[in-house]
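Once you've looked at the hints, dock chain G against the given chain E.
Sequence order for the protein chains is E and G. Here the first sequence stands for residues 1 to 421, numbered as in this note's numbering. Here the second sequence stands for residues 1 to 340, numbered as in this note's numbering.
Hint data in this document are derived by calculation from the structure and do not stem from the laboratory. You can trust all of the hints, since none of them are fake.
Mimicking DSSO-like on lysine-lysine, the simulated pairs with C-alpha atoms at most 30 Å apart in a straight line are: (1) E/K318 to E/K299; (2) E/K199 to E/K263; (3) E/K138 to G/K135; (4) E/K263 to E/K191; (5) G/K135 to E/K175; (6) E/K354 to E/K299; (7) E/K281 to E/K299; (8) E/K191 to G/K135.
Just so you know, these numbers come straight off a predicted model, no measurement behind them.
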Amino acid sequence: MSNGINRRGVMKGMAAAGLAMPFVNVRTAMAQSGPITIGVVTPLSGPAQLIGTFVREGAEIAVEHVNANGGINGREVELSFRDSKANPNDASVAARELIGSGVNLQLGTISSAVALAMGPLLQSEGGVVITSGAGTEKLNHENYNPHVFRVGDSPVSRNAGLVRHIANSRPDIRKWGGIIPDHEYGRTTWKIFEATMRKAIPELTGEEAQIAEPILVPYGSGDYRNYIAQAMRQDVQGIYTSVYGGDAVTLYQQASPFGLFDKIDVLLDSANEFLVATAMKDQTPAHWSGFHWYFEANKGNPLSDQLYSRYVERTGEKYPMGWAAEAHAAILAYKGAIEKADSTETTDVIAALKGLSFDSATGMRHIRAEDNQAIKNAELAFIEPSSSEPDGFAVTDYVSLEGEKVIEPARPGQMLDIDAL
Amino acid sequence: MIDYRVRFRTNLVIAACGLAAFAVVPFVANSGLLFLAGLVAINIVFGLSWNFLFSGVGLLSFGHAMFFAGGAYGMALITRHVPEMPFLLALVLGAACGGLIALVFGVVALRRASGVYFAVLTLAFSELIHILITKTTFLGRNDGLTGIPRPVIELGFGTLNLTSATAYYYFIIIAMTLVAVMMWCFQNAPAGRLLQAIRQDQMRTAFLGTPIQGWQLTAFVISGTVAAFCGAVMVPFTQIASPEIAYWTVSTQPILFTLLGGAGHFWGPAVGAILFGAIDYGTRTMHGLSEITVGVLLLAVVLIIPGGLLGLLKRRRAAASKSTRAETAGERTSETEAGK
Chain E
1 MSNGINRRGV
11 MKGMAAAGLA
21 MPFVNVRTAM
31 AQSGPITIGV
41 VTPLSGPAQL
51 IGTFVREGAE
61 IAVEHVNANG
71 GINGREVELS
81 FRDSKANPND
91 ASVAARELIG
101 SGVNLQLGTI
111 SSAVALAMGP
121 LLQSEGGVVI
131 TSGAGTEKLN
141 HENYNPHVFR
151 VGDSPVSRNA
161 GLVRHIANSR
171 PDIRKWGGII
181 PDHEYGRTTW
191 KIFEATMRKA
201 IPELTGEEAQ
211 IAEPILVPYG
221 SGDYRNYIAQ
231 AMRQDVQGIY
241 TSVYGGDAVT
251 LYQQASPFGL
261 FDKIDVLLDS
271 ANEFLVATAM
281 KDQTPAHWSG
291 FHWYFEANKG
301 NPLSDQLYSR
311 YVERTGEKYP
321 MGWAAEAHAA
331 ILAYKGAIEK
341 ADSTETTDVI
351 AALKGLSFDS
361 ATGMRHIRAE
371 DNQAIKNAEL
381 AFIEPSSSEP
391 DGFAVTDYVS
401 LEGEKVIEPA
411 RPGQMLDIDA
421 L
Chain G
1 MIDYRVRFRT
11 NLVIAACGLA
21 AFAVVPFVAN
31 SGLLFLAGLV
41 AINIVFGLSW
51 NFLFSGVGLL
61 SFGHAMFFAG
71 GAYGMALITR
81 HVPEMPFLLA
91 LVLGAACGGL
101 IALVFGVVAL
111 RRASGVYFAV
121 LTLAFSELIH
131 ILITKTTFLG
141 RNDGLTGIPR
151 PVIELGFGTL
161 NLTSATAYYY
171 FIIIAMTLVA
181 VMMWCFQNAP
191 AGRLLQAIRQ
201 DQMRTAFLGT
211 PIQGWQLTAF
221 VISGTVAAFC
231 GAVMVPFTQI
241 ASPEIAYWTV
251 STQPILFTLL
261 GGAGHFWGPA
271 VGAILFGAID
281 YGTRTMHGLS
291 EITVGVLLLA
301 VVLIIPGGLL
311 GLLKRRRAAA
321 SKSTRAETAG
331 ERTSETEAGK
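Okay, chain E solo, but in the shape it has when bound (with noise of 0.2 Å):
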């Protein structure tokens, strides 16, 4: 018996392992060697995915060439996703089994709602995000947290410099209406869209603009025709949306038919870029749409020609959308956070992350270090449809808009001041 195994003997070294296994952690011990992974938590199912789709290879085609040219510090890069079905709770959950199991950066974030959720969680648990393309305005304002970086373009330099430019191009357009997502997203945009149209028609033309109320349309719904029915009763000549996703394909091909695009001068999308044209081809109303990044408006870049080119080979469609940019930034950002800290612990990459200057897809961008936000251009394109296309539709006309000259004050912690858009 004195030499035997016995059931005491078992029990108190299951007790011992047990015990000890909080203390024996292998990632640390790998963490300053092994490939460094990043966590992807952005939407892919449910309508959102078409996003998600495209964060999900920018970041791909991202980790491929930071992989090619060396890694990060001579480690390799690899990626881990999460699907966040666009909504708050999946993403948190995702987040935090990600940093549970030592994924402490993350990127692809495209819902506001999530983002502004992430701040308080990450926080907590000790992570970092970078978001790519929520669209927020509290993100860097009242609800700024030091977990949370946006290196795409702020919503006031991409909505107010598409207001802006509109206005400047067509100021006879007075009356104006919009179709609304009824969450933050929406809310944000209306906002800086009201506030800046509001703004440069009197300065241009000495009159006031009128504007309607907005029409709230709720996310993911199939069924459009209330809410169109309600915009074909509206006295307006130009129609500002920021409705986006599958629900955009939706509205978009629901209001074709009631004549809503025939009814209005000028259709401004704040957002889905290629999204509503590759789906409605020559069905696809004339519109101005914002761009994360549009892929000829950046020609000559190599960053950017190189993700055209492995994106259009890797899918075989033409026409990459903005978010795979700002998902393949994201990761040029890490990269240049971690090479700048030697570290992928939290509050070092916080910490060099802030004041970042880097190159991507879109040119060099800044991210501030008062507010997490970066500085970057903002791009608008001018999409027709066209017959003579083998796609049906061509892009006419498209700007760039300087960045720094775009871009609102850093006021972290504190309300946006629509005086100053």
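Coordinates of chain G only, in the frame set by chain E:
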């Protein structure tokens, strides 16, 4: 005659074993898994609250998310607007929110509807609550309420700091075990047995002088309160209350747990919730496939083992003991014959 003392002791041991298994998780798993285990513990009691209504009194609810969300939002609002309120009182008030929703809905629906009509009404009312949340600025509309802090409980003789995920996890598993044991006690007390009688034969129980609607409403309110308690406990853990938790997909979860585990067993929903959590974790990198996996599994369970996993185990045990008895009887017969 059923010996309830023996039954109580057996179920207490089951609950204690479950608690012990969950208590080991922080020692063997990373914080991500710990977080998911906490959600599973909450889902277990959420499932029990649904099955209490379904198997306990025979009411089918397709809208349990409204109670869960009621508790979650109640808790979130209290924490944000009355931060000085003691945490345990806030939990009670959060649970009471769900109880109140159940009372209002129960008074209206139980008077007019039963069976499938009642189930459809619960679904409709739950959707109404979901839409109300998404349209109410006070409740954060589609964005929900975020950044809800975890509590520090003042105990008089000291403080209990639950701000870390691990500390709050232990609070969750202890609270959930207590509620589960209390539910078992209620279901096996005379009141619970009366509810069983209502489920089995409403008319006969009514003839015995039992106010059927009153008891059904009581059960409905208890079930709603427990579901809301789960929601209220969850909010400081996830630190967010978003409208998705009031969506119909959340209402389907306790039904899935119960069908997977077995509706005829008190711990059926618990087994289902654990299995569901494991599948969810296992399929987390197969995007869009987790729903398909759960759907296929559910279909398989309903078609092949209608009594759920616990039903299957019970049948296996019954078959095994039957064959053992048959063998023993066979041996005895041959012994007798040999004796002749």
